[in-house]
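There are 2 protein chains.
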Amino acid sequence: MLHPADTSHDSYPSRIEPTSRLIERREPVVYGHNPGPLSDAGLQSFSRDGFLQMRGILDPSEIEAVHNELSEMVARPEVRQDERTIIEPASNEVRSMFQVHETSRIISRLAADKRIVDVARQILGSYVYIHQSRVNFKPAFEGKDFSWHSDFETWHTEDGMPAMRAVSFSISLTENYTYNGPLLLIPGSHRIYVTCVGETPEGNYRSSLQFQKLGVPEREHLRTLYKRAGGRIEVCTGEPGEVTVFDCNTMHASPSNISPVPRTNIFLVFNSVENTPVEPFAAPKRRPDYLASRDYNPVG
Amino acid sequence: MLHPADTSHDSYPSRIEPTSRLIERREPVVYGHNPGPLSDAGLQSFSRDGFLQMRGILDPSEIEAVHNELSEMVARPEVRQDERTIIEPASNEVRSMFQVHETSRIISRLAADKRIVDVARQILGSYVYIHQSRVNFKPAFEGKDFSWHSDFETWHTEDGMPAMRAVSFSISLTENYTYNGPLLLIPGSHRIYVTCVGETPEGNYRSSLQFQKLGVPEREHLRTLYKRAGGRIEVCTGEPGEVTVFDCNTMHASPSNISPVPRTNIFLVFNSVENTPVEPFAAPKRRPDYLASRDYNPVG
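Protein sequence lines correspond, in order, to chains A and B.
To convert a position in the first sequence, counted from 1, into my numbering, add 74.
To convert a position in the second sequence, counted from 1, into my numbering, add 74.
Each hint should be verified, as a subset may be incorrect.
Repeated chains share a single entry, so a pair holds when one copy, or any two copies, can fit it.
[What the hints assert, rightly or not] Derived pair list, reagent style DSSO-like, types lysine-lysine, alpha-carbon separation capped at 30 Å:
#1 301 x 218
#2 188 x 218
#3 287 x 218
#4 301 x 287
#5 287 x 359
#6 359 x 218
#7 188 x 359
Read the hints as simulated data drawn from the structure, not as lab findings.
Let the hints inform the model, and build the full structure from the sequences given.
This is the structure we're talking about:
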């Protein structure tokens, strides 16, 4: 199923060249005009901004059911010891759990739910499969920040994802306030690819999930993207059950959470079945399956 | 000029007792009905919330003049070496400069400006002097957070400020967005004093200005204050030139700044001339003059 790596025709060379640069995106953002839950206006705004917020996707009883299952999961010693669980070194608390569409019954149903999958299909113009899934816990008072990055940069260099034809869904399980470490997005940044410098060492993912050192864009480029956006950053606030859909190349970050309110969200990445990974473009070998799935069966 | 310390009648014992507790504030928030720039509604909202935002206090030319003088100051080697300047260890950048009402010509004028001082007098019902002044720089991408604290807790325990009769003015020199590390305030928290545990070592201020370890309220108490506020945190966003006035005991914090936009503000603390410090209530000796002024001459 793996295509042969063709790094001589790498359209998005990152972690390869001695200096970083900006590359214009080659692919469309919305693949064709497909029927689906999003209106024309919704698709246009996604295409323009690189993200979209959908209100009230999950109802309170569904959110409660997810919370209950997750609480039960993080309490299990075998889950804490699982390599797919990331523990915060300082506090010893669970920060992320990966591959939750396989380990959680409710999230596996959600990852195949028409309210979600049909949006991914509509944007990507094809059947889709799950490239990655996870739950992020950002605890009150001590939730750490994630610095600016494009997910596609990592998925391309480390996972061999050839083109920009994937979308992420961030499903809020708690209130997102401006002050509890919300998702920040730079509008329009999905149209520019920022190459990064530095060679990927083997097993980079082990440390990068706690603190990202590679795939970190230079500040000068972030300032450029911010200026191009008219000095605007989208702060994704909202109720539990809201969903933020964003393009795989949208530059995003999230600040630390010093507030008394935790923040938890489910993160589902859908990739087009026509965009399945090849060998990594700039890493010694592919990351494990729980970070970059090799199960390309369409969902939904 | 120093009153004798009378710790046997310490109304706000902190860093003394083995466990922390909440104490109801004894003093008023607004001292009488005094003429001044604030309306009755403004005074009432300050009294209720413990803070107030004043729009458009400085005009753009004044802000530019302050920026120019500050740029010139931080570039001077003797300023960087001055003990009143706090350097961020990781980046080697200036994070704060203290006693700026004496070292900056423009800030010294501002600290005596009727637009500011008359508000302090109106709230505190007396002549006022400057207990502390500083400029805070929160650089883009790496501005550090300040965790939750009441300034009065430190001013009482370490500086010997007897009662809650001081107000702080945070004067914005840059845009305050929700995402560049703005001031966060818990409405109504000024009415409750949260005692802290831990004994103050001598010279505590040297490390506490970079990372506060003492005078840090317990999380359980912060949750209580947040709940009492109806689950609301005030995020002080606004234009350059806006001023946030807040009570000395209002619980506040500010998150890290991972955005591409720096945040700079001037911080002026006015204390009532009827509330001049005695010996510290819970520290071996008083902090230096540049942190807790001994010049009690009224300003304005």
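How the hints compare with the structure:
Proximity of residue 301 and residue 218 under a CA criterion of 30 Å is satisfied in both settings, with 26 Å inside one chain copy and 23 Å between copies. Taking the shortest alpha-carbon separations for residue 188 and residue 218, neither the intra-copy value of 33 Å nor the inter-copy value of 42 Å comes in at or below 30 Å. Taking the shortest alpha-carbon separations for residue 287 and residue 218, both the intra-copy value of 15 Å and the inter-copy value of 18 Å come in at or below 30 Å. In this homomeric assembly, residue 301 and residue 287 come within 30 Å of each other (Cα to Cα) only inside a single copy, at 24 Å, whereas the closest approach across copies is 38 Å.
Taking the shortest alpha-carbon separations for residue 287 and residue 359, only the intra-copy value of 18 Å comes in at or below 30 Å, while the best inter-copy value is 44 Å. For a Cα distance limit of 30 Å, the shortest separation of residue 359 from residue 218 inside one copy, 28 Å, qualifies, whereas the shortest one across copies, 36 Å, does not. Taking CA atoms no more than 30 Å apart as the test, residue 188 paired with residue 359 passes in neither setting, with 34 Å inside one copy and 67 Å between copies.
Hint violations for this structure: numbers 2 and 7, all remaining hints satisfied.
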